[in-house]
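In the numbering used here, the protein residues as written are 797 to 1654.
To be clear, the hints were calculated from the coordinates, so they are not data collected in a lab. Everything hinted at is true.
16 angstroms max Cα-Cα, derived EDC-like pairs, lysine to aspartate or glutamate:
#, residue 1, residue 2
1, Lys-1612, Asp-1601
2, Lys-1482, Asp-1554
3, Lys-1292, Asp-1554
4, Lys-1427, Glu-1608
5, Lys-1276, Glu-1241
6, Lys-1405, Asp-976
7, Lys-1292, Glu-1304
8, Lys-1612, Glu-1353
9, Lys-1509, Glu-1537
10, Lys-1334, Asp-1554
11, Lys-1334, Glu-1353
12, Lys-1334, Glu-1299
13, Lys-1405, Glu-1395
14, Lys-1612, Glu-1420
15, Lys-1292, Asp-1307
16, Lys-1259, Asp-1249
17, Lys-1509, Asp-1535
18, Lys-1259, Asp-1280
19, Lys-1276, Asp-1254
20, Lys-1019, Asp-1036
21, Lys-1509, Asp-1462
22, Lys-1482, Asp-1359
23, Lys-1259, Glu-1241
24, Lys-1334, Glu-1296
25, Lys-1276, Glu-1564
26, Lys-1427, Asp-1605
27, Lys-1292, Asp-1280
28, Lys-1427, Glu-1395
29, Lys-1292, Asp-1254
30, Lys-1509, Asp-1532
From a predicted model like this one, the values you see are computed outputs, not experimental measurements.
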Amino acid sequence: MSDGGDATTRIVVIGHGPTGHRLVEALRAGGDAARCTVTVIGEETRTAYDRVALTSYLTDGADLGHPAHDEAVEMVTGDAAVAIDRAARTVRTASGRVIGYDALVLATGSAPFVPPVPGRDLPGVFVYRTIDDLDALREHCARLTAGGRAAGGGVGGVGGVVVGGGLLGLEAARALQGLDMDTHVVEVAPWLMPRQLDEGGGAMLRRHIETLGMTVHAGTPMKGLEAGADGAVARVALADGTGVDAGVVVFSAGIRPRDELARGCGLPVGERGGVVVDQACRTEDPAVYAVGECALIGGTVYGLVAPCFSMAEVAAAHLLADAAGGPPSSAAFTGADLSTKLKLMGVDVASFGDPFAGPDQGALDVTYTDPLAGVYKRLIVSDDARTLLGGVLVGDAAAYPALRAHLGAELPGTPEQALFGGVEAAGGELPGATVICSCNNVSAETIRCAVRDQGCTDMAAVKGCTRAGTTCGSCVPLVKKLLDAELTAAGVQVSKALCEHFEHSRAELFDIARVTGITTFSRLIAEHGRGRGCDICKPVVASILASLGHGHILEGEQAALQDTNDHFLANIQKNGTYSVVPRVPGGEITPDALIVIGEVARDFGLYTKITGGQRIDLFGARVEQLPRIWKRLVDAGFESGHAYGKALRTVKSCVGSTWCRYGVQDSTAMAILLELRYRGLRAPHKLKSAVSGCARECAEAQSKDFGVIATEKGWNLYLAGNGGMRPRHADLFATDLTDAELVRYIDRFLMFYIRTADRLQRTASWLEGLEGGLDYLRAVIVDDALGICAELDAAMERHVGAYSDEWRDTLEDPAKLGRFVSFVNAPDTPDPSIVFASERDQIKPVLVTGPRLEVAAR
797 MSDGGDATTR IVVIGHGPTG HRLVEALRAG GDAARCTVTV IGEETRTAYD
847 RVALTSYLTD GADLGHPAHD EAVEMVTGDA AVAIDRAART VRTASGRVIG
897 YDALVLATGS APFVPPVPGR DLPGVFVYRT IDDLDALREH CARLTAGGRA
947 AGGGVGGVGG VVVGGGLLGL EAARALQGLD MDTHVVEVAP WLMPRQLDEG
997 GGAMLRRHIE TLGMTVHAGT PMKGLEAGAD GAVARVALAD GTGVDAGVVV
1047 FSAGIRPRDE LARGCGLPVG ERGGVVVDQA CRTEDPAVYA VGECALIGGT
1097 VYGLVAPCFS MAEVAAAHLL ADAAGGPPSS AAFTGADLST KLKLMGVDVA
1147 SFGDPFAGPD QGALDVTYTD PLAGVYKRLI VSDDARTLLG GVLVGDAAAY
1197 PALRAHLGAE LPGTPEQALF GGVEAAGGEL PGATVICSCN NVSAETIRCA
1247 VRDQGCTDMA AVKGCTRAGT TCGSCVPLVK KLLDAELTAA GVQVSKALCE
1297 HFEHSRAELF DIARVTGITT FSRLIAEHGR GRGCDICKPV VASILASLGH
1347 GHILEGEQAA LQDTNDHFLA NIQKNGTYSV VPRVPGGEIT PDALIVIGEV
1397 ARDFGLYTKI TGGQRIDLFG ARVEQLPRIW KRLVDAGFES GHAYGKALRT
1447 VKSCVGSTWC RYGVQDSTAM AILLELRYRG LRAPHKLKSA VSGCARECAE
1497 AQSKDFGVIA TEKGWNLYLA GNGGMRPRHA DLFATDLTDA ELVRYIDRFL
1547 MFYIRTADRL QRTASWLEGL EGGLDYLRAV IVDDALGICA ELDAAMERHV
1597 GAYSDEWRDT LEDPAKLGRF VSFVNAPDTP DPSIVFASER DQIKPVLVTG
1647 PRLEVAAR
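With the hints as constraints, model all of the structure from the sequences given.
As C-alpha cells, then:
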C-alpha cells in the first residue's frame, strides 16, 4: 500500500464481469493515476458485457459490451487466474504469467449450479451463463430444427427443457422458444420464481407462460437425463415417473460462488461457498478484497446487480483511500434493496421489500387477483395498514416505481388506493433519501442535484451524471418525473420540441397541418420550422400527412421522407432482405388464397411463417423481387398488410359463434369489419387489435391497442393495451355495446390518439400520460366533452372513403416502380453472373471465385 509518498499501489482485479467493470470504473473515476495502477485479469476473450441482457443477444443480436476502460488500465483477457500466492503477493495465470499486486480484488462471480444427476454430461446439455454458452446453444438448436424440418417435423417439433424456474431459467426458456424449440420448464419448487414471488404470484406467472405455449412442470424434481441412439440427450426423466422428450437441456438451477482461488490460497469461505468479507468487502487478508457474486457478506451471497455494484464501490473507496495514504474510508456495505422489476417473456413481474411477511411479523396483506386479465397484486403493510413493507405484482407492474419509492414509509392513501395505482410518486413529493435507481443506488436528491447543481436538462445528461436508468431501466419514468419537476421548479419550461428543426411537439404539428391544410414537408418546415429536417422529423411529418389523407406515401416529395421500410413498402430484415405480409382480415383465408401464397413462396424461395396476428409472413425477398411478388399476390386478391408501416397491422380473431360452442357473437365477422375499416390508417405507432367471441379470450383482445370481447348483450371494448417493450393490459372502456356503438367509439379513439400522441408513442403509454386517464378519454369520445366528436367521426369517414391499396397503386405507376432495384446498373434483371446465397442462419463472407461473384445474403 502507498505510504503517502511517491509509491504506486498496484491493484489487480481478477474477473471482468459487470461487477469487476464497475469496480475499475470507480477506481478510475476517483483515483490519482499516479498513485495506483490497475490490471484486470479476465478468463473470457471478451471484456465485460451485460449478463442481465443475455437473452437479447440471443434473440435480437444486441451488443451487450460495456464501454472500454481508458488506456491506463491493463487488460489481460483470455488468460484465467489459476493461483494466488498471498505471501509473495502475486497472481499466476493459465499461461504462466505472474503478476504482482499490492491490493487484490476477487470479482470472479459465480458459476451455474448443475445438479449431480445422471446424464448431466451428455451432448446437448448446456448452461446459460456466458455469450459463448449462448453461441453454442444457438448452433445446437439450429442443427436440431433443421433436422426436424428435413424430417417433416416442422418448427417447434423438437423438445427443449430448461431446468430451473427462476429469473434466469425463465429467460433461458424464452430464448429456447425463440430458437424454435417446443419448450418445457422444470422447477423443483411448487411455483415459479420461488425466491421473489409468493404462491399466488408464481401461479399467475405460470398462467402467462403457459399461454405463450410453454409447458411448466412445477413441484417436480428431475431424476436424470437419458441418451438417445446417437449418444446425445433425448429425454428428461422426472421423479414422478413421467418424462419429457428433449433434444436440448439447459441448466439454470441456481448459482454457486466461484471461490476456488480463495480456497486455494487459504482464505476463509462459507459453508455453502462464498469468500468471507467484512462490511468493507475485505477478506481476512487486508490486501485482498472480494466483491459481487463470489463474496459472502453478512452471511449472504447476493446475485442481483444492485448489491454487487454497491460492493464494488465500497471496495473502490477503501482501495483509493489506502493508495492515497490518508485516513481510511468509512464506506461500508450494510445490506441491499432486493426489489426487482423485470419483463419476463412480455409479462410484468415485480417484487419489493419483504413479500413473504405475515401475521407473525405483524404484517397484513391486501391481495387482488384477476384471472381473466392475468393480474395478481399483493401488498404487505404494517398491522395498522399505514406502512408499506413489501409486495408482489404480476401482469401489471405500472405502480412499481411509486410503490417501491414508499417502501418502509407511510402510504399517502389506503392500501387499496396504492394497489390500483392511486399512489403517484410525483418528483417533488419524494423524500431526498428515497432510492430511485436501485441498480446504481441513486437517490432522489442525487438526481435533483444533477439538475439543480450540475446543469443537467435532459434524460441523457442525468443518466451520464448519475447512472440512474442505465442498467435495467425500470426507474426511467420516475427519473423523468424528477427531472421535469426540478426544471419546472427552477422556472425552466420543459421542452416538447420534436427535434432541433421544430419547436413543436408531434401533436402540435398534426394540428398545424390539419388546420392550415399544409400538405408538404417543405412548406411545413419553411413556415413553422427551420433547416432541412432530419431522420426524426421527416418520418413523423410523413406519418402526419398520411394520417390526414394527403396522397400515396411514395408520391412526389413524400417519398423522400420515408424510412427504409416505407420507402420499399416492406419490412427490412437483419440480413438486408425484406418480408412480404399480405393482409388476411380476421385471419380468414380461402384454400385458393393459401395455395397462391404457397406458390409465391416456392417460386421465389421465401421462408414462410405464421405470425401471431394470424397472417403468413414471407421472408427473404430482395428489393427487385418485391414488385413481381406483389403482382402475383394483388392479382390473386391480396392487398398490403402494412407490416412495414406505423399503421394498423391486424385484427386477430377466434372462430366465435360460427364454430365454437362457447362463442356468443360472430367475432370473425366483426374482426374482418374492423380490419377492413381501419386498414392503411397511419398512426404515431403501429396498431394491433383482436376480437374474442366470448370471455375465454382466445384472441387475446386485452393485450391489444383496442380489443373487443363478446358478451351475451353485445361487445365489451378494451383500450390501450399492447405487447410492446412494456406490455400492458387494456382498460375496460365500455360494456355491452351494439355494433354501431362499438365502431363509433373505436373510430373516435383512434382519431383522438392520432391527433394527440407523441412520436412513436404506443396507445398504452399515451393513455398513461393523458391527464385524467380513462375517465377523461371516456368524456372526450363518449360525452363529447371537447366538442370534437363530429370532427373525429368525419376524419375517419374520410379515411375509409379514400382508402386505396398502396401496393396496387405502386404496381400501376412506373415512376414508383423505378425505386425497386438492387443494382443501379442492372435495374431490370440482376446480372446472371451474380449468385445470391441465402442460408438462413449462417453468415458467409463475400467470395470471389474466378469470373463469378457470389454475394451473401448476410
